[in-house]
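Asks: Could you build the full structure based on these sequences and the hints that come with them?
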Amino acid sequence: MRIPDTRLAALFAAALLPLAAAGQSADADRPGVDTIVEKSNLAAYYGGDDGRSEVRMVIYDEQGREQRRQFTILRRDIEDGGDQEFLVVFSRPSDVRGTTFLVKKHPGRDDDRWLYLPGLDLVKRISAGDKRTSFVGAHYFYEDVSGRSPEQDEHEFVEETDEYYVLRHIPKDPDMVEFTEYRTWIDKQTWLPMRIEYTNPSGEVYRAIEAGAVETIEGIPTVTKSRVEDQSLGGYTLMQFRFIDYDIGLPADIFTERSLRRPPREWLERTEGGG
Amino acid sequence: MPLAPVLLLLTALAMFAGAAAAREEDPWGEEDPWADEGGDEWAEDWGDEWEDEAGGIVVTGFAELGAGMRADSDGPVGRRMTLGDARLRTEAEWIGDALEANAVGDLWYDAVIRDLQVEVRDLTVAFSPTEDIDVTAGRQVLTWGTGDLVFLNDLFPKDFVSFFAGRDDEYLKAPSDTLRLGFYNDLANVDVAWTPRYQPDEYLSGERFSFFSPRAGQVVAPDPPIGAVQPRRYELAVRLYRTVRGVEYAAYGYDGYFKQPTALDADGRLTFAPLRSLGASVRLPLWSGLFNAEFAWYDSLDDGDGEDPAIPNSQVRFLAGFERELVANFTAGFQYYLEYTRDHDALIANSPAPQFEPEEYRHVLTNRLTWRISQDRWTLSLFTFLSPSDEDFYLRPYVTFRQSDEWQLTAGGNWFGGRDDHTFFGQLEDNSNLYVRIRYNY
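Residue numbers (the numbering used here), protein chains in the order written: chain W, 1 to 275; chain L, 1 to 442.
Derived by calculation from the structure, the hints in this document are not laboratory data. Think of the CB as a built atom: it goes at the ideal place given N, C-alpha and C, for glycine as much as any other residue. Be aware that one or more of the hints could be misleading.
Here chain W is said to cover these stretches of chain L; the calculated rule only asks that three of the stretch's residues, wherever they fall, bring their Cβ under 8 Å from a Cβ of chain W [what the hints assert, rightly or not]: (1) 68 to 82; (2) 324 to 337; (3) 343 to 350; (4) 402 to 411; (5) 416 to 425.
Replies: Shown next as structure tokens:
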């Protein structure tokens with residue numbers, strides 16, 4: 001794998017479902033900030049019209065103790081850059097096995113999220129206010145998983161390097177988040193955010209998400225390894241994506257309460273063409 | 001008190017402490033988290049190759065020891081111990097092309113009743129005869145409705161003995177032998193749960209917990225424990241539901257019996273009165289949180305005008321709740337719950353002990369506080385029931401420490417109190433207890 005120095009890195013965004021990107025070379029005139037933000041958002045979260053991936057996550061706490069999570073994600077875009085649906089089915093650890101998670105992402109308004117706990121046969125709705133709450137104990141937030149809407153921040157151009165466009169993002173509603181700003185290093189070739197650094201009110205970078213590996217899958221540059229570290233929490237989380245497949249034709253009706261109780265096995269299984 | 005479970009628990013605790021100590025030497029702890037790393041950490045041992053897709057029968061489960069003690073030894077139940085479980089849980093899952101099979105079973109030695117116990121919690125096959133129908137047949141746990149530990153239209157069996165003893169929350173829901181059908185369409189989804197043989201709640205019998213007896217006029221713990229006469233008929237529960245733009249609407253119907261033995265038959269024996277219920281609920285995002293409201297109309301079929309003191313009256317139940325995260329990882333939920341007993345005048349006029357009858361309006365407030373810290377390793381929770389009309393309360397504090405994905409330690413309590421002995425929570429005052437559980441997941 002690539003060994004990240006401080007600049008290489010990757011994003012979780014990728015995280016949820018690996019991303020796509022237009023493999024376009026950045027030459028000539030630099031695109032405007034809004035264009036970079038839009039292309040990066042699409043690259044990070046909207047690869048293909050839908051996709052599946054298996055994910056393994058290792059969560060290390062400040063004392064180095066580890067927890068593991070393994071799950072499969074299905075994603076379907078309703079509109080590029082707009083509404084999306086996610087279904088997450090956990091297979092590990094054993095006490096989390098069978099837990100499922102459904103997200104209906106609505107940029108511009110609150111996402112709808114449900115969690116199914118099989119032991120109680122309970123469909124629990126998760127309130128929308130906790131976007132910046134840990135996702136199943138990881139250092140990733142719910143918002144990292146489904147993507148923070150670009151409309152929630154003001155964007156500024158910082159600099160252009162050989163490899164990256166560096167942007168600065170300031171939240172429009174600072175009370176909703178724990179950071180004062182964050183910066184992204186966006187790969188000029190793939191438009192993937194390769195590193196995100198969050199700054200706290202004291203001006204210190206306390207949290208960073210980085211891409212550890214990018215692979216081109218079915219023509220779509222995709223983050224396959226990601227790492228997040230949060231010094232305010234201590235520890236870090238590693239995430240790896242495999243068996244990724246895009247444009248598999250996921251039907252709309254699998255992103256419903258029915259699938260929370262009875263996950264759609266035929267779509268969760270690995271596909272022939274998967275990466 | 002049998003020593004074996006206590007010794008087992010102590011041994012497990014020692015192992016737990018040892019495991020914790022060993023973990024501190026984990027090499028990751030020494031590492032500068034920002035240092036460059038090789039790829040090795042990705043290849044950490046998961047116990048299998050990722051390439052091997054899980055298939056066949058997947059078996060998981062846990063072993064758990066639990067011990068709980070009554071806070072006060074003066075109550076009518078002779079023994080102090082309220083929880084004494086050495087439990088083995090096994091879960092097996094098989095997924096075929098057209099069929100899924102599930103089995104979940106518990107085997108445990110229960111030191112309170114000094115007996116070996118077996119419970120099958122799930123033994124089902126599930127399949128879809130058409131694209132729009134799901135069938136799940138067999139022993140299963142069922143839940144619906146919007147309340148948090150308050151149930152209106154969820155008339156599936158509950159195990160209050162386990163709940164009050166401090167077993168995992170999962171055990172509040174008791175399984176039933178049911179055929180569940182799900183019909184899915186664009187208009188409204190329909191769930192039908194048909195249970196050929198009515199399954200009541202696991203009610204307080206005096207074996208482990210005392211309760212108020214209106215006949216005796218005091219809190220009792222009968223020995224031998226009480227056993228109510230059980231109807232031998234089916235019960236049927238139906239739900240229609242639909243989600244429109246993030247708002248969940250549902251309507252419910254039930255035909256069966258009250259789930260608690262609150263009636264007397266012609267021979268004066270405790271039994272369950274026929275019940276028909278209708279209700280509805282809504283749940284939606286509101287103010288960065290979640291709002292829910294639900295009502296149910298309980299029609300006590302054999303006591304239409306409320307004049308029969310041996311049969312519970314009809315009721316209207318209403319619930320409204322709001323939950324939101326106040327700060328990161330700290331969530332608060334509030335509920336208001338109302339039980340309105342219909343024909344209350346007739347109830348009082350005909351009751352042999354009107355002073356022990358429920359209030360016409362029983363109000364209950366609940367509050368749940370949940371705080372998760374350190375990557376969810378620690379969960380601190382407090383659930384409070386408070387009834388201004390009954391002047392009683394029930395507090396459920398607990399803390400869970402997830403030492404690893406395998407080891408978990410939980411400690412908590414159940415604290416009941418109230419002004420009177422006959423109210424819902426007040427009657428349980430002598431049952432207040434503290435417990436500790438240690439679990440190993442495999």
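Asks: Hints numbered earlier in the text: which of these fail when held up against the supplied structure?
Replies: 1, 3 and 5
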